[in-house]
Amino acid sequence: VRDFVRVTRRRRPGPTPRSIERGPRRTGDVAASRQHRRWWRQTTGRREADYSRPTCGREGGDAAAINRRGRARVLLSKFYLPSQQVIHIISSMESKTSSPESSGSDPMDDLAILDRARWSVEASPFFDFGPWWYAPALATTLGSLALYGHSSEVDGPGFWLYLFGAGLAIACAIHDFYRRKLRPKVSMRSIAWNAATFFVVVPVYAIWAYTAKAKGSAGLPAWAILYWIATTAFFLAVRSLLSTYRKRTQSVL
Amino acid sequence: MTLGDLDPLLVAPKRLAAMGILAAASKAEFAYLRDSLDLSDSDLSKQLKALVDAGYASTKRTGKGKTRRSWFFITPLGTSALNRHAAALRVLLEPTALVPEPASAE
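Protein sequences, first through last, are from chains X and R. The first sequence begins at 1 in this note's numbering and counts up by one. The second sequence begins at 1 in this note's numbering and counts up by one.
If we strip away everything but chain R, and leave its shape as in the complex, we get (with noise of 0.2 angstroms):
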């Protein structure tokens, strides 16, 4: 596990919370990222829709009119890209992580 394993995407916080909470749940509505993540609607659109365009998540639109909404999904490339990001934040917390090793002697 290294630096490189953490995702460019999910390095922006409100994307990384956004993740979070579509890999717990099973699915969300739009409104309640955005309650969530105290988020104005254009803001929150704009984070998922890089999100969509990644591949990591996905969208279903149900109902008509005052009755409609947007669920989010989390895809299987995005549990994984979110556990490998995830992963790589831990090992840098680790002491040792940056530490460079010492060059052998010749």
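The following block holds chain X by itself, in its conformation from the complex (with noise of 0.2 angstroms):
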């Protein structure tokens, strides 16, 4: 068998680049592995890297941008990534100003960021629909007003379905209240925004109002059940697109 080995093994080609490049095998020959990279870099013109220089020695270039990110280079370049690439990634990290010591070389950058970070604070109550839920409740709550608002009995099913419906609007309001992150100061922009909440909700509440006076509003008509589905998805999709929008330009910075 031993033989069949020794026969039918195949010999290597030939040395491979990376074994010209590393010389004989680590015999402990000191003399002839310098010897071997003497010849080496005669050979081929390539030095060997110096890693007391920032760019190791390795390549050219713009030298004075590379001393500049000198420290980063060398850390870098341990690695083994191409000069490019590396030359690249240190680029994109200092082009983010987002960095916390990084000062603002523009003031306007600067004004910019106060300014929307004002925004977002005037804003966030209006952009910030609140759960799923609030859709359904304040359905039931623009119905109920708008069924047995205006009924002047105080016995009857009405009655207790206008309490029901105006109980979940204040409940609501309490948990909104305790469930937002932010007290936002009472402002002109403030009030606006405010204002055109109550401007959504209204068109909405008259759609009730008038179809109430127009077909009836005994019992719980079969219409106001059509009508709470659509209103529940009125407000439903109003909380996605104002999700949406809030998601896009949330970041100040």
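Just so you know, the hints here were simulated from the structure itself, not pulled from any lab data. Virtual Cβ for every residue (Gly too), placed ideally from N, Cα, C. One or more of the hints may lead you astray.
Stated by the list, open to error - Derived CB-CB ranges, DEER-like:
| no. | chain 1 | residue 1 | chain 2 | residue 2 | range |
| --- | --- | --- | --- | --- | --- |
| 1 | R | T59 | X | P157 | 42 to 52 angstroms |
| 2 | X | S240 | R | A31 | 16 to 26 angstroms |
| 3 | X | V201 | R | S26 | 17 to 27 angstroms |
Reassemble the complex: the two chains are provided individually, in unrelated frames, and hints are given to aid placement.
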């Protein structure tokens, strides 16, 4: 078997480029190793890595820029990344202005940050609709107020539905107060946002009230259930739109 | 108003944005600041600690367990520092801000 293996073992076709660069196997012969490296340098014209220099002696190019990046350049070059890739990575790191210690080079950028922060705080309550169940709760409130708000009865089911709708609104308001992570100051712009919210809700209530007057609101009419579903879907759609917009414009930086 | 009025603590964009939010709100929770500034918890904590240590912001913790919240406020010192910093930035934007005065001929 030993003879068979010896005969059939294929010889390597020759030294690979890597083995040429590395030289003979490490046998402890320092002199032979140095001689090989000298031969390699003379043959290829390449120098070995010089870690005492920022560029490791491997590349030329923009020497000033490379020296400026000096230390990070050496650290990254130890991972054997191609030099252009390293420079690209460092450039992209340098171009980030969100570094805590980086100074705002442009006063206009800093003022824009302040403006965005103020806008974010003032518009935040408007764009934060809340959990999904606010939509059916709001639809129930509007419906009960439109159906039974004008009724003078205090004993029938309409009265209890009216109380239920009003109670739901109060419960949602309390929940919303404790849910919010921001207490904005009252300003002209925040008042304007609240007015905008009011003008979104009023037309929906007007449709409810007009239909209730036209078709009657005795008991719980069938059209009210359809309206409740449509109103809930409308508020859910509004919530989805506001949420999408808020996520896109949320970051102040 | 000179370049010296620029507050070195507020030159960093993250701290400046946090102060901008706190100045517009009566109080803001840690999670809101984190989401608005798009920062990690540790990063925001470090920035806010710098502001609190400088006396520009104060903090108050409420609740226990899952309902525990950290609220941040801006202090009067922080408000004045932010206003001074913003005024210095506006001065820098004026076209004549950094033009040296011509030497008077004697």
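Pairwise beta carbon distance, T59 (chain R) to P157 (chain X), judged against the given window 42 to 52 angstroms: holds (51 angstroms)
Can you tell me whether the CB distance of V201 (chain X) to S26 (chain R) sits inside 17 to 27 angstroms? At roughly 25 angstroms between Cβ atoms, S26 (chain R) and V201 (chain X) fall inside 17 to 27 angstroms, so the hint holds.
Does the Cβ distance between S240 (chain X) and A31 (chain R) fall inside 16 to 26 angstroms? Check passed, 22 angstroms falls within 16 to 26 angstroms.
Every hint, counting from the list given before, is met by this structure.
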